[in-house]
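Chains as they are written, first to last, in our numbering: chain H, 1 to 343; chain S, 344 to 686.
Any given hint could turn out to be false.
Straight-line distance between alpha carbons at most 20 Å, and here's what the computed EDC-like set of lysine to aspartate or glutamate pairs gives [stated by the list, open to error]: (1) K113(H) / D411(S); (2) K560(S) / E484(S); (3) K640(S) / D302(H); (4) K456(S) / E92(H); (5) K297(H) / D645(S); (6) K341(H) / E435(S).
Hints are computed from structural coordinates only; laboratory data are not their basis.
Protein chains: 2
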Amino acid sequence: MNQPRKPVASFAEIRALLAELPGPDLESGTRAATREATLTKPAGALGRLEELAGWLATWQGRHPPQLDRPRTCVFAGNHGVAARGVSAYPAEVTAQMVQNFLRGGAAVNQLCKTVDADLRVYEMALDRPTADFTRAPAMSEEECARAMAYGMMAVEPGIDVLALGEMGIANTTAAAAICLALFGGEAAEWTGPGTGVAGAALARKAAVVAEGVAVHKSACADPLETLRRLGGYELAAIAGAVMAARLARTPVVLDGFACTAAAAVLQALDPRALDHCIVAHVSAEPGHRRLLARLGKTALFDFGMRLGEASGATLAIGLLRAALACHTGMATFAEAGVSGKEK
Amino acid sequence: MNQPRKPVASFAEIRALLAELPGPDLESGTRAATREATLTKPAGALGRLEELAGWLATWQGRHPPQLDRPRTCVFAGNHGVAARGVSAYPAEVTAQMVQNFLRGGAAVNQLCKTVDADLRVYEMALDRPTADFTRAPAMSEEECARAMAYGMMAVEPGIDVLALGEMGIANTTAAAAICLALFGGEAAEWTGPGTGVAGAALARKAAVVAEGVAVHKSACADPLETLRRLGGYELAAIAGAVMAARLARTPVVLDGFACTAAAAVLQALDPRALDHCIVAHVSAEPGHRRLLARLGKTALFDFGMRLGEASGATLAIGLLRAALACHTGMATFAEAGVSGKEK
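This is chain H alone, in the form it adopts within the complex:
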């Protein structure tokens, strides 16, 4: 295991870690593909399930891969820009939902039980929101780097897969701003209803996104600057967790729009930085489909979900288990005495 050695507090340290990201274990990937070809089914007939088994092997760096200890992490943070009225819910809902997570009442609790995943909830200074990004950078460099380091701590030895998600009133506004800064286009193309704004409120939300990006545009050539100026604690933590997972050879399942936008910062820094990540689902938040196209990622499913809190990523753990069960448990043609393809 190649864990980060000490908490980082500067972007220089983040960049040093990024330079160390390991590549795929092609030998384990090849062993998975070799076994797959012997199993009692026409070649490729399990489609994406076969691909998932190979992906687990490749990025865990072992064959067979394992899925005994999946972990779901939900990072929660508050956003100064919530004061601009960009959300359908008041900012205190972030802390209320964290209590709901801790008491077991949220969707992600039920989903973790269903797929037998370990749920960790990380509350990030909810009483001290980031700055309103239309007036100042959301975070200082140290705050952003420390939030990333906090996210890194979610990755511990022995975790087989990491499902990531977030909770934070106004964070689809921050995610839209990050995407606009990273990929360009119009604010309205990246801005969606989030928890449920529509009409004039949605137009105001897009205007806030445009305003924020305009304020910080000159500094945003550096994706880490984009993250600190427009992001939030929970989004920085997700970026940190994605990096630390790569260093620890832990494959990652990304959730919806806010989570994927946070991860996109890393891909902007290094085009290979998300190769160990799959995206669970296409969110109903319209910017997500657009973002996935930019990242070159095909989500596993499209259920019209838009809840965040790692709900889609956790649901995907069940699909990974199914993929792995087929890969490791199926008989080969030789074992089963089944005739192969003719000619």
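Place chain S on chain H using the hints.
This is chain S only, laid out in the frame that chain H set:
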């Protein structure tokens, strides 16, 4: 429970049962929707998971719905048309794969373990294939009706959801012929690679489909005649199981192309006959997408699977469990003390 009273052996008896199919339990569906609106998430934020919980309530006829006893049924049959060289695998593979199911080595065995489903395998006279449909009707009326009755026996009291699938070398040929007879178009539009035919062999397969439908066309105004002339034992059994499930208020998950084609016969007989069915996935077999469009069904996921044997339908049971866990286990806004939407 409203179980069929005795095994049927004629189409007149099948039609009598079809006339008895119960409608949706709208009261249970409404109770599900009412609870859904109180749970700690923005309205609709769990997307299709919310819809699935409501569907289970509506077609089980109770609220809350249950998912303690899911059953996966795989019906296996052999097809005379296999002698025309339409499959990449020899016909003996049907029986070999049944042995593989019974010994626990197939994909569906691993998937049933993953989602904790009871697997039942129904071997249907594998040493006595149906007639080659390019020369004669595949089955007599009595054979077809008895195969349907055999499928009905898969539905027992206490089963919470039924996942259906099949195994039968050459049955994508039969399925393509059924679809061509039911929906028209060109044989090549309904004919796909199945277990892996391509090029000239695929063109020959399409020609066999066209030839079979041409032979029986005049009789195919009756969908049950289409089933007996072009189908097979396992496809008739699936149609029977779908009907019996409706009578017993057991929601059904359909699998890929062959399974959905068998069910389509019922929808051709009664446009409401598949209202209690969802389709798990879009198969890589190209006719499936086309068939789903004709049936007005949106599959849950698209993993490029094309294995049959109820593999996709069984995988979907895990998603149903997740939907139900959220519906029954989540806290309400009032219970959790979470603020509602503003304004």
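We went through each hint and held it up to the structure:
{"no.": "1", "hint": "K113(H) / D411(S)", "in the structure": "15 Å, holds"}
{"no.": "2", "hint": "K560(S) / E484(S)", "in the structure": "17 Å, holds"}
{"no.": "3", "hint": "K640(S) / D302(H)", "in the structure": "15 Å, holds"}
{"no.": "4", "hint": "K456(S) / E92(H)", "in the structure": "42 Å, violated"}
{"no.": "5", "hint": "K297(H) / D645(S)", "in the structure": "15 Å, holds"}
{"no.": "6", "hint": "K341(H) / E435(S)", "in the structure": "12 Å, holds"}
Hint 4 alone, counting from the list given before, is not met by this structure.
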